Every structure is written in C-alpha cells, then in structure tokens.
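*Asks:* Residue numbers (our numbering), protein chains in the order written: chain A, 1 to 1003; chain B, 10001 to 10192.
It is possible that part of the hints are untrue.
[Unchecked claim] Here are the simulated distance ranges between beta carbons: (1) 231(A) <-> 10008(B): 49 to 59 Å; (2) 10102(B) <-> 600(A): 47 to 57 Å; (3) 904(A) <-> 10008(B): 54 to 64 Å; (4) 656(A) <-> 10045(B): 18 to 28 Å; (5) 10079(B) <-> 606(A): 54 to 64 Å.
Keep in mind the hints are simulated off the structure, nothing from the lab. Source: prediction; values computed, not measured. Quick reminder that beta carbons are idealized off the backbone N, C-alpha and C, glycines included.
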Amino acid sequence: MTQKNRLAEGGRIDRAKPVSFRFDGASYSGFEGDTLASALLANNVHLVSRSFKYHRPRGILTAGAEEPNALVQLRQGARTEPNMRAPQIELFGGLVAESQNRWPSLEFDIGAINNRLSRLIPSGFYYKTFMWPASLWMTYERVIRNAAGLGRGPTEPDPDRYDHRNAWCDVLVAGAGPAGLMAALAAGRSGARVIVADEQSEMGGSLLSDTGEIDGKPPAEWVADALAELAAMPEVTVLPRTTVAGYYDHNFLTMLERVADHLPQPPQNTPRERFWQVRAKQVVLATGAIERPLTFIDNDRPGVMLAGAVRSYANRYAVLPGRKVVVFTNNDSAYHTAIDLAGAGAHVAIVDLRKAPRGAVIDAARAAGIEILDNHAITAVHGAKRVTGISVRNLDESGRGVTGPTRSMACDLVAMSGGWNPTVHLFSQSRGKLRFDDALAAFVPDKSFAAERSVGACKGSMQLAECLKDGALAGAAAARDAGFEAKKVPAIPKVASGTEGAMLPVWVVPSGQKLGRGGKHFIDFQNDVTAADLHLAHREGYVSVEHLKRYTTTGMGTDQGKTSNVTALAILAELQQAPIPAVGTTTFRPPYTPVTFGAIAGRNIGPFMDPARLTAMHDWHVAHGAKFEDVGQWKRPWYYPKGNESMHDAVNREVLATRSSVGMLDASTLGKIDIQGPDSARFLDMIYTNAWSKLPVGACRYGLMLREDGMVFDDGVTTRIAENRFLMTTTTGGAARVLGWLEEWLQTEWPEMKVYCTSVTEQWATIAINGPYARHVLGALTDDDKLGPKDFPFMTMREMTVAGAPARVYRISFTGELAFEVNVPRRHGHAVWEAVWQAGQKFGITPYGTETMHVLRAEKGFIIVGQDTDGTVTPMDLGLDWIVARKKGDFIGRRSFARPDTSREDRKQLVGLLTEDPHAVLTEGAQIVQETRPRPPMKMIGYVTSAYHSPVAGRSIALALVARGRDRIGDTLWVPRLDGGQPIKVTVTEPVFYDKEGVRARG
Amino acid sequence: MAKSTQAAAHSPLANRIGPDGNPVALTERAHLGKINLRGDAGDKAFLDGVARAAGVAPPVKANTVATAGTTAILWLGPDEWLVVTPAGGQGAMESSLTTALAGQHVSIVDVTDARTTIRISGPRARDTVAKACPLDLHPREFAAGQCAQTLLAKTDVLIHQVGDTPAYDLYVLCSFSRYLWDWLADSAKEFA
C-alpha cells in the first residue's frame, strides 16, 4: 500500500474507486472522495509549498477554504489555474498539480535565502528601501514580484463555458452543517422556497468529521436523511459545491457554483462554473467557524496543522497525517482530535496552555491513555521540511513567560488549536455589527441590519445541540417572516450534551527568547507576517488596524486572513493596552473566497458581449460586401468597397456618384417618435427652439432641441402627419434618450398636456435616395405621378405605394442633393431596398455608408450632434440663430440665453477650415492655435470637429469650433500635430463648402 | 417594375433554426399584429370603447393580459397597452379602435413591424430565460396570463407567459431579435 498514512477503514472515501494523480511530477494515488490535500497527506506528503516572502517550507494547515499555505498550480495548458487551495480541490483521475513560489524545486529553493536574511527584510522593507528614486519603482517592482510570486495565469484562451443564473427565494441558507441543515429543513417544511448552498462537495459540514450520535444515528446518517428529505421537497434547491460569496444590499447575494471543477473537464455544453445572483426575502447564515492557529515559535513547519483539520482528515478521509502526535491547545475542542487520533492508533500527547483543565472531555482523554502536559508551552519546533519533534517548558506564574527545564518530545505531527473564530464574513458584508465575545475570545454577530439570521458556530454556538436548535428556530422564523407558517415546529434532534471548559486566550506563546530570535512566530502564514512584524509596526507608530494591515500585509492575499486576522488584532490590542473591541476589525469585503473572472463574465463574451442591432436590409449589406461601423449598438454600413478598393477610394466613388447621379443609404436607424394629442404642437413649441403650431399638415421642419442650460441636445426633422399628430426623427444614438426626455417633461412638468409619445423607430425601414436622379428612381417604383417640385416640394411628405409597399416618402435631404427618404414597414425593407437598387441600375445607383454620409453632409456644413457639438454648444455658436424663435414664448433652454456665459463674445463658434495643403486632412479633435511655438504650452483657441477629403471640392475640408470663429473668417490659424511634425496652416472659412445657395436639394 | 405587386415581407428570424423540442423549443411567431394603445384607464368611455373594438377591455391590473378569442391586450403601463392580433389583423384592429375611440384623447399606433415574437417553451424554458433575466419567473410569482417588460440578456423584452409548460412569448425589437434568438439557443444548449 503506497498510501502509508491511510487508515485501514472508515472515512467517506470510496475505496473501490482508486484515483491516480501527479504532484510536482511524481505519481500518487488516492480515492474518490479525497481532496488533493487529503490524498497528499495519505501519501505522507506534508511539504507542499514555499512561503511568499521567506520561501519557508510549508505544509497543509487546514481542511477548508481558509487554507493559507497549500496553494497549488492546478491543471495544465489553457485550463491551468494558480493559487488553488488543496483542501478544496476534489481529486479526479489524471489531476496534475504543481507547487508554487519555488525555484528550482520545492525541496531545494534558492529563494529560501530570504529566510536567512529575514532580519534584513522586516515589515515595510520594500516600502522603505525602494522609495528612491521613484522612477525606478517599476523596475524594482518587477523583480520583487518575480521573487515573491504566487502562481501563473494561463496564456491561452479559456476553453470552458461559464454561465449565470438569477434566482429568487424565500429563504437562502448559506452553509449546510448541522445548523444550516436544520434551518433548511424547518424552512422547507413550511412550503417556502428555499435555496441551501454549501461550498463543499458533500453537505454536512462538521458532521462529516464528527463522531457521536444525533437522534441515535451516526452524524453522517442523520445528514443523509436530512438531505433526502430536502431533495424530496419540490420548492427546495440544494446546491453543493456552491459558495455564497457576496452579501449586498436588500438581500441580494452572489454565489459561485463549481459545476464541473471536480471533473477532468466539463461535459460538452456544461458550464464549468455558474455565477448565481440571488434575491432572498430572508437569509440564514450557517457558515460555521474557522479554527485559529496558536502563535508559537516556528508554528509554520510542515506537520504543524490545525487540530480540527487533523480530525477531519482522520475521520472524514481516513488519513492519519502523523503517527506520533502532539496536540497543542488552549481549549477543549482539540481534545476530541486527540481522542480520535488515539483511537485510530496514533501515539498522542497533549500540551495544554491552561492550568489544570477539568471536564468530561479531559477525563476521556486521560482514560484513553493520553499524556496531558498542562500549563505548558511549545518553545521550539524541530525539523525544517517536516516536524521531527518539539520542546516544551512550563509557563511561569504570569503566563507570559516560560520557566523550568526544557523537555524534548519526538513527534511527526503537531495539531494545534488557539480557539475558534465564527465565520462572520457574510454577516459583516450585510452591514451587521460585530461584538467581541470574551468567553470565545472572538468576534460574534451583534446587531443585524438585513433580513438575516446567523445560526450555529458562525454566531458563536459551539455546541452541536445549540447549533441544531439555532437552525430549527431560525429556519422556521425566516420562513414565517417570508410569509410561510410552519405547520409544526420541527423537533430538535437529540444529542449528547457536553459542557466545555473555558478557553485561555494566549495570543503569543512565549518561547523563552526575545520575540523574533531563534525562530518565527507566524500570524499570517500566507503573507509571512510574524508577531515580531506586528511589534515593529506598533513601535513605528501604526495605530489603525487598517494601516497595520496594509503596512504589514497581514490579512491580505487569497485567504484574506481567515486564520490570522483576529490574532493580529488581539496582539495589536495588547501592544496598545486597549481592549480588543476598541481596536476594531478590518472590513470584510466580498467575495468570501475568490471568484473567477470566467464566472463573472459568464457567456457575455464574443458575439454575446453586447447586442448587435441589425436593420431589415442587413443581409443585403453583408451580401454586397459592406464594411460596418458600430453606431451605438447598431451595425451600420460604413462603406461598400469594390474589389480591393481602399476606404478612401470607395468613399470618393460613393460621394461622386451621389452628387452626379444617385446614391442610396440605409437610414433605418434614425430615431422615430409618433407624437399624438391635441397639445402636440404646443408641446413641440416647448421642446424645440423653433415654432411648430403653424406647420401645415404634410410639411416637415428641422428642429433643434436644447437642454435646460441652453446647449444643443439633439436634432432632427419632424413632420406633421395630421392636425394632432407628428412624426419626430432623432439622431440614431439619441433615440432612446430623446423619448425618455419627452416622457420626463410630460410626466413631471406638464402633466396637463394631452400628448402621447410612442417609439416607432423599428416600425419603419428607411431608404434615403439622394442625387440628381433620385426622382427618376422613385418614379420607376410608384404610380404616384405627383413627384414634381410643385406637387411634392422640398420639406414635405407624401404617402404612396413604393415597390408594392405602403410608404411615407419624405422630401428631405441630409446631403444637399435632391432626395427622398422612403419609409416602409420594416417587413418590406429588404424587398423595397432591392427594388430601389434594381430601378436605379440604369443610373448607376450607388449604395453608400455612414462615411460617405458624413462627407456629404460636411460639404454642406450640416452638423452632427455629438460630433460637431459636445454639450457646451448653443444654436448661436453653430450659426443657427435663425432656428431660435425668441418671440414665440418659452421653450426649454430659452432662459439660459440670458446668462452672461451664453452671450460671451469669445465663445467657440462653428467655422470651416481649409488647409493650405489641399491634401492634408486634419485630425478630428486636433487643437487649433493662433501662434505656434516649438513645443507646448500653446494657447488653444478651438478644435477640429469634422475633417474629410471632399471629392467635389477636390481638397480637404474641415469643421471646427473656434473662439470668436466668425470674426476670424479669412484669418490664418495653425493646427499642431501630435506626431511633432510641422503644424498645419489653415484658413478660416464659412462652414459650407458646396452649393452654398442650396438650390440642388430644392430642384 | 414591381409597382403594383405586393412587396415581399421578411421576418428577421426567417432563417433561424433553434432547439425544437424537449426540453426547450424556440419558434418565431412572425408578423403578429400589434397596436400600441395609449389612453386613460380611469375613463369608462375609453375602457368601453376598447372593449367594443377588441372584444375585451384593457387590463388595469399591472402586468396582466386580457384575452378575447385571438386578441390579447398586454398591460405595459398605467396608460399604455399592446393589443396583439393574429398576423394580418392589425389593420382591422387599428380601424375599429379608431372608430370606437373617436373623439377621445388616445394614441393608436401600428407597431406590428417594430417587434417580432419568439415563443420559448418546454420544461427547461424557465431555466433558459432565468440565466439572464432578473425577474422572478417562479409560478407563484409569474404565471400564465401575466406579462412584464424586463431585460433579458441585455435586450428589452416584453415577456408574456402563455402556458404552464411553461411557454413564454418574448416580444423583442426586430433589430435585437437575432442576438436574442442566438443567445437563447446557446443558453438552452446546456439542457439538450
């Protein structure tokens, strides 16, 4: 048998299912039901890692999520994951793990020199040493991080799926030990919707490691019965391998379910992990307690473990981590470990810091033939990579020193217990206030601020009978508060009652030497923080526990100080001669244990990262080779290259075709809002700067919308469809924002107005036909023969049938050309687009995208809100004074024009820019100066908002916002370049570059 | 050319194939008639007028659906409803509502083409949707005959439970519909 520490019988492992695995290249075997930690211990492997700073050899300390030492690099290739806690890794066939933070090997680690130099690298060493010069910190940091690393992240994409899940419940139970199971049973029996989640693969918590009886049954059998009952309840969801990681406002909690982490790889389409977002009416926290190490000299040697963990390995996994055991304790709980180990055949001695402890469990230990050394302390630990023995001495009268002769004892395992810390992390996250319990020498929940109940060990109930009772009462009460009356109060299972003797808090165990000499008293194993470090920080004046944490790094890292925080606080309190509650705790923040980014991202990756909005004609654009541009969530055709055509060439071709013949644009994405009601015109008078009441039915008008501060907010053309009905268009990006804006004003300021607004953006597909032949193309597709300028003048709308579809045709133009915007119900968009394309063939109709649209409108000086405006621009700044009807009465933004700032003479105004070199296209966003200097600072007087090559002008054009811009028309200005090249010389012009009289659109 | 022949109609999901059976089925209910109706729920004349035109009064209880034959009226807000008819029924419904509500301050807008409808059904339909929908869809909270406007996979949807299987009709803006369909099909893979 290779598993030399495996007990011949017992445990919850499946001996019929052996599992082979590799650790640091060596092959081992374990059984199904093992964790990596239990399997390594079964094979007598204690040395599993090197510590963070000093590279000290380290072993497995715990049997749970609090593990600070046994962090491994799990799996290989794309699935490799660093810093995985060995006690939480379920063993599977073919598992491969490696130790971390050692080079070249775990046995021989060069970095261990740091331990020899440790006197030279105290707390804050890096802060103190590498502060100067600051510019070199980046270099120092890289070297330091290499030396003090944890594991490595994968370099390949993650091949696994991750998923999310929303859930609601009446009662969420976090933790399925005795208290949690009782709570779930009590709540479940009432018919309430219950979710019970536990981080382990098997539910039962401490009961899986316990001996004794519940209701006359072995604890594990009682657990099985409880789980069977829960499984039969249709409204109860039982989630093993699920950590309740975060507890937020309003009983919103997050959980990480490890769906397939226990398998070599997830089955196809099964997520590896699932991130739950739970909204619970009531929460029951049953998260147990975490044992504290004792702070004695060299307490970090492999083979020094927590007593409760040793008991778990022995009882749950049938692994005896050592044959000759010293149990070192300040409380009764470790005696159970001693008794169970003795029963399993180990030679056990107990070193108890207390003087003459009394009680049933002490008697039982004596009866089992265990030697008890009371009032003793461990003053030395022998062995480096594995404990080989210890020295003990008597405590002196004060209890703070040792006295008398030294006795050495050979051993291969030290099982220590410094008491228990209730796992108050979730309670604290829920804003609950803690109280220090002197009897437990630990923080326990005090005042709760959420619909929450803590039960069992996490509230400080350390006896099984109390846990069961707590759980039953809280489960029933939680269900009742969620609206479910329990039909019967659940019977509380019978267990043997025991009384516990008092524990003796000893925060630093004396070694007979000055602290820091002869060895190290570790507080935080993961971050290599010792009691001496805390003393140093205190001497250096650190008072606040939050500062202490950041200076010494105690309580940081992947375990967030689960085994160390309270001890560190207690030592700080002793040093400050203050009570522990006065020192306070650091903040408990989510998550309880690390959550993978994969789980947080879920399936929100690749095509699902964000919705892609597609128009009715999208497939046509794809089939015709369009390149797409993201406009908000919309995919809009950007340009349609032919063959190997460059973007520049494609846009030139599209512009010239539209100016000289005819082009077509998919304009479906523009926002459209149907506005109805007798007050519609009055409403528009308030919303827009210009007047609407006298607009005839069938006519269109351009409007500017301002915010209250008078700045341009959106624009578009609105058409009077009927006396009391308008169709407003908005910018593509502003559609939802404008509808919200209209509703806000109607609902909060003018509720008396009879107006209803309905978004119809998606009801219509819009095909804009632009160019001298636009009328010819439209005429080929409709029987309406009144398309001429008299019957269908510029800025009007006609309803007609186009290519067999009912259409609203608007004679409006964003290009300056003769143009018709054909709107048809979306279902016909594709067919009508295709018909326009076909009908336009004889005119060489050219589909164009947003880039050409931008060039065409810029040639005409038409602004784009959000590109040529930035939220600080008034209509007057844009030269659109004509659109502000100051005589019509009030409108949103009007009052702000009386502010001095909006009439400043040096406001930035929209102008055109022509570069001296006609081929130089300015950079959008580039700054504009009056005088150049070799290098900044230079006085900026404006910036470029739009810049293109204009095919019809045969040169570059630009729009810009320039201080006193209109006064500068004809002036020469400069545009410095980011690349440091010669500034570009420009002349200020009117912001219109083509058809200044506007005759083409009216033809 | 095609001046007089009726233009072809396309639905955005015409070529999408989704899971078609247990435990999840996806189908498109294309071109259902849809009228967005605004009016005063406190005005009996309005309720009566709608009832005359649609065969049933608009529901005044939040997030409920009133049905009459093949017509359903989904509550969208205190003064807003979606009247759903079989495909092709929107024109007649718009006319009869306009006639029945003549003279009242209402808004009757044909939005048939703005949204399409995805029917998701099957024993795991609820789990498929719950992955990215923050609503509580448990039968005690949300049952057949209820509707709600919510977010599903970052997409605005109007969800209407139409059966206990369960089956849901998801009304989604056409531009988002392929994204949502593909997301649902991917979401259901786990249960196949």
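*Asks:* Now, for every hint given, state plainly whether the structure supports it.
*Replies:* A quick look at each hint next to the structure:
Range check, residue 231(A) to residue 10008(B): about 55 Å between beta-carbon atoms, so the 49 to 59 Å window is met. In this structure the hint that residue 10102(B) and residue 600(A) lie 47 to 57 Å apart at CB holds, the actual value being about 55 Å. In this structure the hint that residue 904(A) and residue 10008(B) lie 54 to 64 Å apart at CB holds, the actual value being about 57 Å. Judged by the Cβ atoms, the range 18 to 28 Å given for residue 656(A) and residue 10045(B) is violated: they are separated by roughly 59 Å.
Distance hint check: the CB atoms of residue 10079(B) and residue 606(A) are about 41 Å apart, inconsistent with the given range 54 to 64 Å.
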